[in-house]
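Peer 1: Following the hints, position chain B against chain A.
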Amino acid sequence: MINLIRAEWKKLLGNRMLASFTVWLYPTGLGAFVLVMSIIHLLGGETYQELGGNWNEPMLASWNLITQFPDASLGRLPLLAFMAVMSAGEYEWGTWKNILPRNRRWAILVAKILTMALVMVFAIGLTSIISGPVRYAAANLIGVQTAPSLPSSDLSMFWSAYALEAGIAFFQSLFLAFFAVFAALLTRTIIGSLLLSFGLSFLEMLSPLILMLFGRILKMPGLVNGYIFFPSYLLGNLRSWILNGVYLNTALADFTRNLNAPSTVLLLASLLIGAASLCIWMFNRQDITA
Amino acid sequence: MEQAVIQLDHLSKTFVSRKTRVDALKNVCLDIAPNQVFGFLGPNGAGKSTTVRLIMDLIRPTQGRVLFAGEDVRNNRSASRAIGAIVESACFYNFLSGRDNLVLLARTAGHNPGQIPALLDQVELTGQEHKTVKNYSTGMKQRLGIAAALLGNPSLLILDEPTNGLDPAGMHEMRLFLRKLVDDHGKTVILSSHMLSEVELICDRVAIIHHGEIARKGAVKALLSDLAHLRLNVRPVPAAIQLLENRWQVELGECDGDRGWIAVTAKEDEAPAVIHALSTQGIEVFQVSPRKQSLEDFFLETTRGEDTHD
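Going line by line, the protein sequences match chains A and B. Numbering of the first sequence is given in my numbering, commencing with residue 23 and proceeding in unit increments. Numbering of the second sequence is given in my numbering, commencing with residue 4 and proceeding in unit increments.
Some hints could be false.
[As the list claims (entries may be wrong)] Computed spacing ranges between beta-carbons, pair by pair:
1. A/I295 - B/A36: 40 to 50 Å
2. A/A129 - B/H13: 23 to 33 Å
3. B/T65 - A/G296: 41 to 51 Å
Simulated from the structure, these hints should not be mistaken for lab results. Note that beta-carbon positions come from the ideal geometry of N, C-alpha and C, so glycine has one too.
In isolation and in its complexed conformation, chain A is listed as follows:
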């Protein structure tokens, strides 16, 4: 599996043109954007604290790009596009016929999904690492006073929260990778895969609103409780249990079901295993004719 992941990593990041506009866009583009915006705001008289807190806060907030609504609604799209192209591309470029005879299909697919999720986390991780120091550098450049150093107790809390956000982002990335792979398996075209995976991502993110809407139309207000079966709820709920020891407050009307931490983990694991099984089952049945 390690060899397969290494091969996949080489392939994914070897597509430099695509990776520049989708993966490296986050650390470089966002880093540059934050630097410019920080300079503008600081020159406009804002204090370092008014920019959004100490360096630790933007570092944590970077993970929202793929995990939290509304940041993730657009924040996910470039990475999702990257994964959709790299999955469906195997069909369009005719490369499956070279790859598939060399190992088991399930192993190749699992390696692809894992590696794509790792690339996502790597890109957002780099973004988060850059985003703190970039604002610090902007403040130093202009001569604005920065915030005092964090006390060691806050620092240790920060690293725990950071590890949690990175973990949540990894699982969210896995689900996004499943969307991309599922779309590629179904459509076998890059454009079809792009459209379908974007659609699935939006559907997943807007699922509580969609469920509420259908609940109203069908006069079944309890339908919104179906949100507990969606990754964004489960990951949010897990974060809430770990950080605060309580379930996630969704603030959704008619939402009455709340899951405890073990049930959340169990459902999350079932969803991951189910998604993997579905993709592997589809892939194993497929005739590779391109």
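Peer 2: Leaving out everything else, chain B in the frame of chain A:
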């Protein structure tokens, strides 16, 4: 008898879509013995690529099975790893270098990438390996495809149009290279090609697939000698035909009055018997010439002139 390296055991494949149903292969049985170059020929859509894809487990048979060294390729993943192939055309990640493509394929199969420099040398791509594949010529891609097929030192190579994009010198070298793989390294090569003169020069045995069925198979020399012709210029033609068609197959050629050409499906060593039979009956024989059939003639006769691409 030596065990076949590949056995197609009552292999059928039907592609079904919403509106169409195509029987690409119909109950094909074929044994390919090891240590030879085996030619796989067929016109467009005959089922060549479908067969290759079935051997490589890229598509699943509707019926039957493919055995590699006696084991079903579907149940034995190590079997398909012992087969190196270029299926239809060599496809690579254009954004990666030739070397990186090979490294990626080696890692996927769990092979040691350390063999790559030697393989690149073997296909004469040393010095070009760091260029991205999008900058490769067709011939370079083809050679890279052969290097990819040779990764892991497979005992069976399946090559679709291996001389595509090569110049005459390159084709000659490729022929020597493939022959060397068989003669010196004990490998088996299955190749499909539309260049029938090439196939005739390099293959020990061939199978012609037509409309999803094996139309002819056998050793190249035997197939061609079976269909060798004698061309005779005789007078009177009708009497000669009447006399010879009891023993051989006779076809009428150009005639000028009662003198003309006939083609007799007799081997070269039967010429004295043919001439003797004619002369004892008072039929004049003006010229006799052997006419060996080329593989191309044989192929066209078998497939009735359809194109050879699949």
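Peer 1: Does each hint fit the structure? Answer for all of them.
Peer 2: We went through each hint and held it up to the structure:
Against the hinted window of 40 to 50 Å, the Cβ-Cβ separation of A/I295 and B/A36 comes to about 46 Å, which satisfies the hint. As the Cβ distance of A/A129 to B/H13 is approximately 30 Å, the hint placing it in 23 to 33 Å holds. The beta-carbon spacing between B/T65 and A/G296, approximately 29 Å, falls outside the hinted interval of 41 to 51 Å.
Comparing the model with each earlier hint shows a violation of hint 3 alone; every other hint is respected.
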